[in-house]
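Peer 1: Chains as they are written, first to last, in this note's numbering: chain A, 1 to 215; chain B, 1 to 105; chain C, 1 to 405.
Honestly, the hints are just simulated from the structure, not real lab data. Please note that the accuracy of each hint is not assured.
[As the list claims (entries may be wrong)] Reference listing, derived: stretches of chain B covered by chain A, where coverage requires no fewer than 3 residues with Cβ under 8 Å from a Cβ of chain A: (1) 13 to 27; (2) 38 to 49; (3) 69 to 76; (4) 84 to 92.
[To be verified] Dumping the calculated DSBU-like pairs for lysine-lysine here, alpha-carbon to alpha-carbon at most 30 Å: (5) C:K37 <-> C:K54; (6) B:K104 <-> A:K86; (7) C:K181 <-> C:K273; (8) A:K86 <-> C:K140.
[Unchecked claim] Covered stretches of chain A (in silico footprint by chain B; criterion: 3 or more residues with CB under 8 Å from a CB of chain B, positions within the stretch not fixed): (9) 9 to 16; (10) 49 to 60; (11) 99 to 107; (12) 198 to 208.
We put the CB at the ideal spot given by N, CA and C, even for glycine.
Listed below, chain by chain, are the residues.
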Amino acid sequence: MALQNFLFWTIAALTGLCAIAVVVTQNIVRAAAWLLFTLAGTAGIYFLIGADFVGGTQLIIYVGGILVLVVFGVMLTAQGPFVTMKTHAAEWGVAMVVGVLLLTVLVTTILRTAWSPPAEARMNDAANSVSSVRLGEGFLGFDRVAPAAALTGIGESEQVVHATGTRDAGQRPQFHERNRVAYLLPFEIISVHLLVVLIGAAYLARAKRRQGAAS
Amino acid sequence: MSLDVGLNSYLLLGALLFVCGALCMATKRNAIGVLIGVELVLNGANINFVAFARYNPAFEIEGQVFALFVIVMAAAEAAIALAIVLNFYNNHMTVDVDNAEELKG
Amino acid sequence: MPDLFTLWIYLRPFVAALALITFMLISAIFFVWLERKVSARIQDRLGPTRVGGKFGWLQTLADGLKLLVKEDIIPDLADHWLFRAGPYIALCGAYLAFLALPFGNGVVAQNLNIAVFYMLAVMSTEVFGVILGAYGSGSKWALFGGMREAAQVVSYEVPRAISVLVPVIVAGTMNLTDISKQQAGWFLNWYIFHDPFTFLAFWTFFTCGTASCKRAPFDLAEAESELVAGFHTEYSGFRWLIFFMAEYGSMFAISGIAVILFLGGWNLGLIPKGADATDLLGTIAGNVVNVLVFIVKGWVLVFFMMWVRWTLPRLRIDQVMTTCLRYVLPVSCVLLLGVSLWQLAEAEYLWLSYVNWLLAGGSIALVVLLLAKAMTATGLPTPTDLMPGAWPGAHPAAPTIAPRS
Numbered sequence: 001m002a003l004q005n006f007l008f009w010t011i012a013a014l015t016g017l018c019a020i021a022v023v024v025t026q027n028i029v030r031a032a033a034w035l036l037f038t039l040a041g042t043a044g045i046y047f048l049i050g051a052d053f054v055g056g057t058q059l060i061i062y063v064g065g066i067l068v069l070v071v072f073g074v075m076l077t078a079q080g081p082f083v084t085m086k087t088h089a090a091e092w093g094v095a096m097v098v099g100v101l102l103l104t105v106l107v108t109t110i111l112r113t114a115w116s117p118p119a120e121a122r123m124n125d126a127a128n129s130v131s132s133v134r135l136g137e138g139f140l141g142f143d144r145v146a147p148a149a150a151l152t153g154i155g156e157s158e159q160v161v162h163a164t165g166t167r168d169a170g171q172r173p174q175f176h177e178r179n180r181v182a183y184l185l186p187f188e189i190i191s192v193h194l195l196v197v198l199i200g201a202a203y204l205a206r207a208k209r210r211q212g213a214a215s
Numbered sequence: 001m002s003l004d005v006g007l008n009s010y011l012l013l014g015a016l017l018f019v020c021g022a023l024c025m026a027t028k029r030n031a032i033g034v035l036i037g038v039e040l041v042l043n044g045a046n047i048n049f050v051a052f053a054r055y056n057p058a059f060e061i062e063g064q065v066f067a068l069f070v071i072v073m074a075a076a077e078a079a080i081a082l083a084i085v086l087n088f089y090n091n092h093m094t095v096d097v098d099n100a101e102e103l104k105g
Numbered sequence: 001m002p003d004l005f006t007l008w009i010y011l012r013p014f015v016a017a018l019a020l021i022t023f024m025l026i027s028a029i030f031f032v033w034l035e036r037k038v039s040a041r042i043q044d045r046l047g048p049t050r051v052g053g054k055f056g057w058l059q060t061l062a063d064g065l066k067l068l069v070k071e072d073i074i075p076d077l078a079d080h081w082l083f084r085a086g087p088y089i090a091l092c093g094a095y096l097a098f099l100a101l102p103f104g105n106g107v108v109a110q111n112l113n114i115a116v117f118y119m120l121a122v123m124s125t126e127v128f129g130v131i132l133g134a135y136g137s138g139s140k141w142a143l144f145g146g147m148r149e150a151a152q153v154v155s156y157e158v159p160r161a162i163s164v165l166v167p168v169i170v171a172g173t174m175n176l177t178d179i180s181k182q183q184a185g186w187f188l189n190w191y192i193f194h195d196p197f198t199f200l201a202f203w204t205f206f207t208c209g210t211a212s213c214k215r216a217p218f219d220l221a222e223a224e225s226e227l228v229a230g231f232h233t234e235y236s237g238f239r240w241l242i243f244f245m246a247e248y249g250s251m252f253a254i255s256g257i258a259v260i261l262f263l264g265g266w267n268l269g270l271i272p273k274g275a276d277a278t279d280l281l282g283t284i285a286g287n288v289v290n291v292l293v294f295i296v297k298g299w300v301l302v303f304f305m306m307w308v309r310w311t312l313p314r315l316r317i318d319q320v321m322t323t324c325l326r327y328v329l330p331v332s333c334v335l336l337l338g339v340s341l342w343q344l345a346e347a348e349y350l351w352l353s354y355v356n357w358l359l360a361g362g363s364i365a366l367v368v369l370l371l372a373k374a375m376t377a378t379g380l381p382t383p384t385d386l387m388p389g390a391w392p393g394a395h396p397a398a399p400t401i402a403p404r405s
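In isolation and in its complexed conformation, chain A is listed as follows:
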């Protein structure tokens, strides 16, 4: 566990420093570069926590999609090489005060709230990572947690299920054992939503004549 603590503090420190650098830097392309490292650090945190699928999705969509989009936006709206838009010192002062206040409120809330007791340390060895299997089953509506845990938030030790990759149905939960909300339909809905949004964005951003109608 010492290696995990060390890794967490390293990755968290680097991610935090890169996030601060995003705010501080004046050059927009460098801000995008620091954002790249922040997002990669966040993906590392997800992998460390055991949420492999979310980490992979973060890398594919955030880094490989959104960030590339942002950089293309920067290139298309460039106003000369390395133009920086400086913020006034007064604005910086006000922003820092508000930021520090917000951070204080959040930190105090976090440290003072008695979150429900954490589960006993689960194995975080990725070879035994059950998160993707559980996630997949959760999408379909299966649940391995005993019903009492859903109410009290205190888990019970359950058997670790390994994905063996074989296709015999006996090792998978059967359809009649579904006992919670299935998230597959909302996931499909937001996928279609994303497609519609992207088509709309492409239409909005199509090339138009510079002089003339603003539509």
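With the hints as your guide, set chains B and C onto chain A.
Peer 2: For chains B and C alone, kept in the frame of chain A given last:
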């Protein structure tokens, strides 16, 4: 606070990213800088979701599912925001948000 | 002194990381030599023959030495920080993909449950090294090349992911180790022969993989005739070497994914099901055989990539995007639909599972036919005979120069 990693550590990291994003939104004059701030805010919230998924067994699946939803929605929102910024640039030849005052007064 | 087991647990990540980077470097060394030899032979010349014996084995060392001692030039207008960071981001993206690639049964740095997804995700971060390097170079050739590169790589990721989904649907898991284990036995079990949709998916994946590695014929952004050298125009010496290690690394990673998903992974394909190389030869020798089989298969696919590069002409950028959006993407969607229907139909019509005999037999017959044709082809007549394209009666003798009168 001991050096052991617990729920609080992840929540603090999420809070730091959130505040950095909010500051970015407040201070950047480049419209795309504001968009970068929005992404940081969403990432901070995502870390919270996944941390609760890890440390609270009742939310084991929901935390990750909602994190996935947030990521997909962030992609949609970034695309639209960039389309708006591009239109603004086409009309005003600048992306300085201080110049976006046509609706003022 | 902790016992050996706990020591191994602590040391294992470092040993694995070191082994992977060593393998990547050795592969890159081999690929540089291979590329020069392959390009030379295809162009009817010999290639490196001087350094290190008759076949130029040590040519890469000479190349590397030259690159190391080259002057490190950073343009004046370059954004120093981004210029320096670009190559290393690309290298990280390529190297991290090796983390989940199983070289043998259990010979994997980290046996992820979502290995394929992770590898695709990590390789999609490589494009950022290209973008930052291109922008940070402060030169318009680099910027144009980098932006075209980014558009191409990002566009081809979509059909690549869809083509990867096709064998994943057949396998039922994204765990690369398990996918390889499912293809044990005769080579009929390889997923490339499983059904015609998977067969075609191999070719679409290979095409998209070649495009997303920025290899020819999709290498317009690196082309000398169009853009000086594209995104690595201003990079010289060691930094250029890092970019190319990243490119060769991602070529092998793509080939590795193709080998595991379609070509049976580390299975030799000649051992009947139930037995494994480790059963026949013992643990160490069996694992060595598995690893060697995997590496050789990966290198053969990389050789195919090089072969295609030096055979086909380069595509224009609009042709590149047309190929992606109007040809490969719809084809891969149809394949995804087809394989889903095939999996459903297979439960009903059991004879469908014997299609792999047909496909395997057909492929072997085709390969044998092509080899036979290549072996028995007569060479072109010597230049003093009829030149190709010459009209009948064209004289093959030495051309006479009409004297000026």
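Peer 1: Identify every previously stated hint that the structure contradicts and give their numbers, smallest first.
Peer 2: none
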